[in-house]
Structure formats: structure tokens, C-alpha cells
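Engineer: The primary structure of each chain is shown beneath.
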Amino acid sequence: MDTSPPPFFNRGPAPLVRLAFFGLLAILLMVLDARFRYAEPLRQALVLAAYPLQRAALAPAQVAEGIIDYFTAKVQLEKENAALRARALQSAKDLVTLESLTAENAQLRRLADARERLPRSSTFAEIQYAGRDAFSRKVIVDKGASDGLLPGLAVIDDIGVVGQVTRVHPMLAEVTLITDKDHAIPVQVARNGLRAVAFGTGDGATLDLRFIAANADVQNGDTLVTSGIDGTYPPGLPVARVSRIERDAAYAFAKITCVPAAGTDRHRQVLVLSQDVNLAPQPAPAADAPTKSTKPRHSRTRRDG
Amino acid sequence: MAYQFEDRPQRILLPARGGFIAVTILVALVLNLLPWRDVTGLPDWTALALVFWCIHQPRKMGIGVAWALGIIMDAANGALLGQHALAYSVLTFASIAFSRRILWFPIWPQALHVFTLLFSCQLIMVLVRTLSGGSFPGLLWFSGSVLAALLWPVVTFIFLIPQRLPESIDETRPL
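So the protein lines, in turn, are chains R and E. Taking this note's numbering, the leading residue of the first sequence gets 131, the next gets one more, and so forth. Taking this note's numbering, the leading residue of the second sequence gets 35, the next gets one more, and so forth.
Hints listed in this document are in silico derivations from the structure and should not be mistaken for laboratory results. Hints should not be assumed to be uniformly reliable.
[Said to hold, decoys possible] Coverage of chain E stretches by chain R, computed from C-beta distances (three or more under 8 Å per stretch; other residues unrestricted): (1) 139 to 147; (2) 188 to 199.
[Claimed, not checked] Straight-line C-alpha distance at most 25 Å; calculated SDA-like pairs for lysine to any residue: (3) E:Lys94 with R:Leu155; (4) R:Lys311 with E:Ser169; (5) R:Lys385 with R:Arg374.
[Claimed, not checked] Estimated spans, in silico, between C-beta atoms of each pair: (6) R:Gly282 with E:Leu199: 18 to 24 Å; (7) E:Phe191 with R:Gln399: 50 to 56 Å; (8) E:Leu185 with R:Asp347: 51 to 57 Å; (9) R:Leu280 with E:Phe191: 45 to 51 Å; (10) E:Thr164 with R:Arg340: 17 to 23 Å; (11) E:Ile192 with R:Arg185: 47 to 53 Å; (12) E:Leu185 with R:Phe166: 37 to 43 Å; (13) E:Phe191 with R:Phe151: 53 to 59 Å; (14) R:Phe201 with E:Leu174: 43 to 49 Å.
Since we're looking at a predicted model, the values are computed, not measured. By construction, the Cβ of each residue, glycine as well, lies at the ideal position given by its N, Cα and C atoms.
Next comes chain R alone, as it looks inside the complex (with noise of 0.2 Å):
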């Protein structure tokens, strides 16, 4: 039974106080997040308390994918069997000319005196589900920190890039997708090494490529890889193909836009690249260099400018 007082004498501070209170509060975290960064420890404790939740969530599925895969025809299987042999016939055809093909490149490498390419040495993650947030594109995957994970590292999938690792949280990692609005990849189109940013539209399925002149020669079908000037993704991944051009004589840019190669929202496998160790060294700031200050500083950084 209920024993406490009547109601209206304890009811605490009136209703619109607290949604002042609380929306207050909200906002101020909103602008801390979005402006600062500053709310980040916050983040990866509130997704440490979520996880269990979360696992919760994900077993049904995860049991249900287990029957499903127990119980996959065996017609299926056998037709599968054959095609990947075919695949791997065709693809040992291939890894032949590409043996021959590395070797010849490292000689040439080497007679150019040309810095090795290290290998990057990769993570393999399995896509957890898309965020439930409906205004950008990321998705979860099931490694974090605790996996090695950083920000910034690039993430690819069978086919070529399917986005960047934006956030790390002990045993998740967020995954901004290159469809993403706010994202931004340093292309060049294959065919004749037009350099290139393709940004994401945020609808999901599309790229734009921007600030590319009105007679740029960009053709409908052009593949895009990566050009790897930025040093967070390795150079020659594929990332799309241009599917449709629009030139205005109105504007001075053409308006270009492409389909992602990758499986942006298809796959559930994907493949986290590490950083990438021997990256040319970063240039040093001009404020940061009174090695031989025998010069008046404003001369410098105006040479620097």
C-alpha cells in the first residue's frame, strides 16, 4: 500500500523547471559533442553500459543465423563449391601474372630507388548493425581498442573502400561509411589520373565528385580508386564508378556523381587496414622551428606562406 503523504506537498520542482533543466542540459552536451569533443568519456561509458543491452539484442539474430546456416541445403552448398572453384581457377590464373607482376615492381621500386611499399597488415571485423541514426551513415563492428583499432583507419571490403574508422570504444568501433555527408575521400579516376575529392551525399547510396571542371575529362563508367595522397587510405583501392555526368554551362564545375564499388550497405565482413608506418614525415610548423632565429620571425613565416 501506498503510505506517503498526499501528493501536492512533495511533488518536487515544477515540471517546466525540469524540462528547462533537462533541455539545458541536453543542449550543452549537444554543443560540448559537436563543437569541442569534450563529451568523448562520456560516450565510451554510456556504450559500456549499452553493450550488454546490445548483446542482449543481437542473440536472437545471431541464434537464428546459426539454425538458418545449419540447415543451408546441401544443393547450395555444392553449387557454391563449384562456383568458388571456378572463381579460385580463375583468380589463380590471375595471382600468377600478379606474382610475376609484384616481383617486377618491387625490382623497378628498388631501381628507382623508390621507397617499399610495407604491406599493411589488416583486422578482420564483422559489421554488428547500421546505427539506428537515420541523419549519417555508420555502421558498428565488432572490434575496438582493445583489437588495436584507432581513428582514422581505413576500412575495405572485398571490393574496395567502405569507409573509415571514426570513433573507438573498448570492444566497438563506429565506422563512418564513404556515403556519408560528412565524409570526404582523395580519389583519381583510373583511366587518366585526374585527382579528384569524392564526398558522400548522405542519401546512402551515391558520391559526389566536386570542384571538377565543366571539360575535366571524366567519363560515365570511370572507376575511381584512391589516391592516397591523404596517407589514411592506401593508394589504388577501388571506391567507385561515375554513373551519371551533368554539365551547365551555367556553372563552372560539372556535376558528377557515383556509385560506391563497395558494399556499403550490403556486406557484413569487412577488413580494418592499420596505419600505414613509414607515411612522409608531416611538415613542421612554422611557429615550431627557432632552430637558427637569427632571422626576425616575420620573414619566415611569410617565406612559409
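Could you slot chain E onto chain R? The hints should help.
Structural biologist: Then chain E, alone, in the frame of chain R:
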């Protein structure tokens, strides 16, 4: 045509248990965290459960709880921290403020009220996210509110089951 409020038989319900409220909210949260993939336009189960308990038990549900649930939703989905918290706080406030009025209506007009509440909750999120640089999710996203409102009678039926059970089961009772 006016509804005949006096003619409807009304059942006197048992008091709601705090434990059951907590369980339903937790289940709604887990439903929200299910791997929905890229399906847009699904109802926000947590918001629906919050609205239900705010309307039916305005004294047992508070803005603080809604805020905490919202912040968990934000963190788990990688959304802007505070986006759901703000929307849920306003949603809870409005639901509690309108709770006495809404319960006077039959079930479908109630659902219409719930749609308005959930839709304004989504509008707040759109406003917050587009202001902070997010992309507009498309009109299909708002169908979540419509679906949630259509589910209102079902939710009402399920959530009130424990309160409709007889308090003590009497074997010798004729009915």
C-alpha cells in the same frame, strides 16, 4: 458526431507496478538496439513506451528517466550526444501535460494524439541534426511515428494486461 463518453464501460484497473514499467522500457530499448540494418521508418519503440507510461502513469514517469534513456540511445547509435535526450525530455513533458486530456478519448483518437507527440519528437531531432550539419533523412523516416500511432491500441492492450488480471484468483467464483 459526438462520442458518447458516458456509455463506454470503464474497467477499474489495478495499480501499475514499477517493476513492470521498468521491464517494458528495457524491452523497448533492446528493440531499438536490434540490428535493423538500413531499414528507415521504423517506430521508435522507446519513445512509444515512454509516451504510454507518461499518459497512463504520469506520476511514475519523469523527465529525468526520459533524458537518461535518450542519452543511452545517442551513445549506442553514434548519434549526436544529447539529440534523443532533448527530444525525449520534451516528449515526456508534453505527454505528462496532456495525459489527463488524452485518456478521455477512445482508443483511435488517442492514437492520433500520440502521433502528434511522436511526430514533434522527430521534428525536434531533425531540427537539431540539420542545424549541426547532418543530412535530412527523407520523408520516409517520419513514417515511424505513423506506424507507432497505428500500434497504439496493441501497445495499450499488452501494457495493461498485468493491471487487468484479477488480484486474487478465486476458484469458487462463478465467473
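Engineer: Count the residues of the stretch 139 to 147 of chain E whose CB lies closer than 8 Å to any CB of chain R, then report whether that count reaches three.
Structural biologist: That given contact is violated, which follows from only 0 residues of the stretch 139 to 147 of chain E lying within Cβ reach (below 8 Å) of chain R.
Engineer: Take the C-beta atom of Ile192 (chain E) and the C-beta atom of Arg185 (chain R), compute their distance, and say whether it sits inside 47 to 53 Å.
Structural biologist: violated, 25 Å
Engineer: Starting from the range 53 to 59 Å, see whether the pair Phe191 (chain E) and Phe151 (chain R) falls in it by beta-carbon distance.
Structural biologist: violated, 35 Å
Engineer: Go ahead and decide if the range 43 to 49 Å is satisfied by the Cβ distance of Phe201 (chain R) to Leu174 (chain E).
Structural biologist: Once the Cβ atoms are compared, 34 Å apart, the range 43 to 49 Å for Leu174 (chain E) and Phe201 (chain R) is violated.
Engineer: Can you tell me whether the CB distance of Leu280 (chain R) to Phe191 (chain E) sits inside 45 to 51 Å?
Structural biologist: Because 50 Å falls inside the window, the suggested range holds.
Engineer: With 18 to 24 Å as the target window, see if Gly282 (chain R) and Leu199 (chain E) comply at their CB atoms.
Structural biologist: violated, 56 Å
Engineer: For the range 17 to 23 Å, tell me whether the beta carbons of Thr164 (chain E) and Arg340 (chain R) fit it or not.
Structural biologist: With Cβ atoms ~20 Å apart, the hint holds.
Engineer: Assess, step by step, whether the Cα of Lys94 (chain E) is no farther than 25 Å from the Cα of Leu155 (chain R), and give holds or violated.
Structural biologist: holds, 22 Å
Engineer: Lys311 (chain R) and Ser169 (chain E) were given as a pair; does the straight-line alpha-carbon distance stay at or below 25 Å?
Structural biologist: Holds: Lys311 (chain R) and Ser169 (chain E) sit about 6 Å apart, inside 25 Å.
Engineer: Could one say that the CB atoms of Leu185 (chain E) and Phe166 (chain R) fall in the range 37 to 43 Å?
Structural biologist: Given about 39 Å between the Cβ atoms, the range holds.
Engineer: Taking the beta carbons of Leu185 (chain E) and Asp347 (chain R), is their distance inside 51 to 57 Å?
Structural biologist: Taking Cβ atoms as reference, Leu185 (chain E) and Asp347 (chain R) lie about 54 Å apart, which means the hint holds.
Engineer: Taking only the CA atoms, is the gap from Lys385 (chain R) to Arg374 (chain R) under or equal to 25 Å?
Structural biologist: holds, 8 Å
Against the hints set out earlier in the document, violations occur for numbers 1, 2, 6, 7, 11, 13 and 14.
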